[in-house]
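J.: Residue strings, one per chain:
2 protein chains.
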Amino acid sequence: MTEARKASRRPGAGRRAGESGTREAILDAARREFGARGYDGATIRGIAAAAGVNPALVHHFYGAKEQLFAAAMRLPVVPSQVLSAVMAAERERLGDDFVNHIGEALVRGLLGIWEAPEPRSAFLGLIRSAVTSERSAAMLREFVTGTILATLMQVARPADADDRTSRYRASLVATQVIGLGFARYVLQLKPLATASTEDLVAAIGPALQRYLTGDLGPTT
Amino acid sequence: MTEARKASRRPGAGRRAGESGTREAILDAARREFGARGYDGATIRGIAAAAGVNPALVHHFYGAKEQLFAAAMRLPVVPSQVLSAVMAAERERLGDDFVNHIGEALVRGLLGIWEAPEPRSAFLGLIRSAVTSERSAAMLREFVTGTILATLMQVARPADADDRTSRYRASLVATQVIGLGFARYVLQLKPLATASTEDLVAAIGPALQRYLTGDLGPTT
DNA sequence: GTCTATATGATGATAGAC
DNA sequence: GTCTATCATCATATAGAC
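Residue numbers (this note's numbering), protein chains in the order written: chain A, 14 to 233; chain B, 14 to 233.
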């Protein structure tokens, strides 16, 4: 059990003498457990076991379960900023043509973020918890709309960013993005879960492109 | 508490004398509770209270919790058959142009099915349970792929229906369908949850159309 | 920082009276 | 068919020793 704790210990530069790395081990284990089982399914005991520590320590460091969840879902890197950086790079690469390929860039950026274990666990933890907890649902709502509205800013003027149409477009994009994550990582739907990033970029990118910039019918 | 049981009693024709509506009341309550809270979140006690009966009766009629869940998710009407009927009607209405509007027909049919409480509760129960239970995930996989592959049959020859490309197309459709249900009913994402059926048909239909019949990139 | 021991409560399931 | 009573299990959370 103690091996897991040692394994996640990193040679930190500024860490004070006497600290053991237990805090980080618990947080990593919590992210994995919440990601795999959701808020209700994950237990303090299970998280403690995965981190190789005593259950009482979890409470000692992070207090109640809900606070631990909030801490575990709060990543050291902010996905929306990572995505913005990816978008900026794509804009550089494509030039004026960027506006017609922003949907593909979005899929590529999201799949790239989800390749790393920590952001993926956090995203799955939010999805798995949102279905039974209104608090988690609110967190997931903020996360996806925030991330996607940031993407919309890349194509629309900031002044238009919070009007009704923009929110409608963003929520449509959100349906496809959440459904992609759900089907690929939670449901593990067969031909989709094993498809390559570029296949999915080519397949789903244009759909997002249409939601972002296309004609959506008579009402809009 | 007993009012709920009386309220759901229907004047059935072939019911034997002496039977109360308790069986059906329990099943209805179970569907509502599983739909609202998922398998783990729903409790036998809560279901019994919603049905206005004693918790022991639930076990008496349906045995273990898992059997009750299976019974509650099994609807009297089969959604894929309802959807096939809707599709046939649309094909009648549109004639040769039907093949270009099958995506819109699919969205219209699904939203129509989800308007009724029982199928919607069953769908939400599967989604809410699939995130923590592998058994429920398998049920949801079967449900969506079965429903969507049935739709694909409307546009492709049965001989092509189970090859790799068809499954790939079906899984892409599944991402958008699941994401739509999740965002609209679970997350209740604002501009989307209140949008009209026809708005969503116009917005999402073409995306599904492309997944079903369009060009999906170099690999396919 | 780390642990043992425990308070407190909810759950699924069963046995058996009426 | 319907109910009361109860068991065994597992959860979060806390108090306090070392």
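Just so you know, these hints were derived from the structure itself, not from any lab. Backbone N, C-alpha and C define an ideal beta-carbon position, used for all residues, glycine too. Accuracy of the hints is not assured; some may be wrong.
Taking lysine to aspartate or glutamate pairs in the EDC-like style, the calculated list, with each CA pair at most 20 Å apart, reads [said to hold, decoys possible]:
id, chain 1, residue 1, chain 2, residue 2
1, A, 203, B, 128
2, B, 203, A, 128
3, A, 203, B, 176
4, A, 78, A, 128
5, B, 203, B, 147
6, B, 78, B, 109
7, A, 203, A, 103
8, A, 203, B, 147
9, B, 203, A, 175
Label pairs and their computed distance ranges (CB to CB) [to be verified]:
id, chain 1, residue 1, chain 2, residue 2, range
10, B, 107, A, 178, 26 to 32 Å
11, A, 101, B, 175, 25 to 31 Å
12, A, 170, B, 101, 44 to 50 Å
J.: Given the hint that residue 78 (chain B) pairs with residue 109 (chain B), test it: the Cα-Cα distance must not exceed 20 Å.
T.: Outside the cut-off at roughly 49 Å; violated.
J.: If you draw a straight line from the CA of residue 78 (chain A) to the CA of residue 128 (chain A), is it 20 Å or shorter?
T.: violated (27 Å)
J.: Hinted pair, alpha-carbon criterion (20 Å max): residue 203 (chain B), residue 128 (chain A). Please report holds or violated.
T.: Distance of about 29 Å is beyond 20 Å: violated.
J.: Going straight from one Cα to the other, do residue 203 (chain A) and residue 128 (chain B) come out at no more than 20 Å?
T.: violated (29 Å)
J.: Range first: 44 to 50 Å. Now tell me if the beta carbons of residue 170 (chain A) and residue 101 (chain B) are that far apart.
T.: holds (46 Å)
J.: Is it true that the CA of residue 203 (chain B) sits at most 20 Å from the CA of residue 175 (chain A)?
T.: holds (13 Å)
J.: That 26 to 32 Å hint for residue 107 (chain B) and residue 178 (chain A) (C-beta), does it hold up?
T.: Hint holds: Cβ distance 29 Å, inside 26 to 32 Å.
J.: Run the distance test for residue 203 (chain A) versus residue 103 (chain A): straight-line Cα separation, threshold 20 Å.
T.: Outside the cut-off at roughly 30 Å; violated.
J.: Do the alpha carbons of residue 203 (chain A) and residue 147 (chain B) lie within 20 Å of each other, as the hint requires?
T.: holds (14 Å)
J.: Hey, residue 203 (chain A) versus residue 176 (chain B), does the alpha-carbon distance stay inside 20 Å?
T.: It holds: about 13 Å lies between the C-alpha atoms, which stays within 20 Å.
J.: Does the structure keep residue 203 (chain B) and residue 147 (chain B) at a Cα separation of 20 Å or less?
T.: violated (30 Å)
J.: Is the hinted range of 25 to 31 Å satisfied by the C-beta distance from residue 101 (chain A) to residue 175 (chain B)?
T.: Between residue 101 (chain A) and residue 175 (chain B), where Cβ atoms are some 43 Å apart, the hint is violated.
When held up to the earlier numbered hints, the structure conflicts with 1, 2, 4, 5, 6, 7, 11 and fits the remainder.
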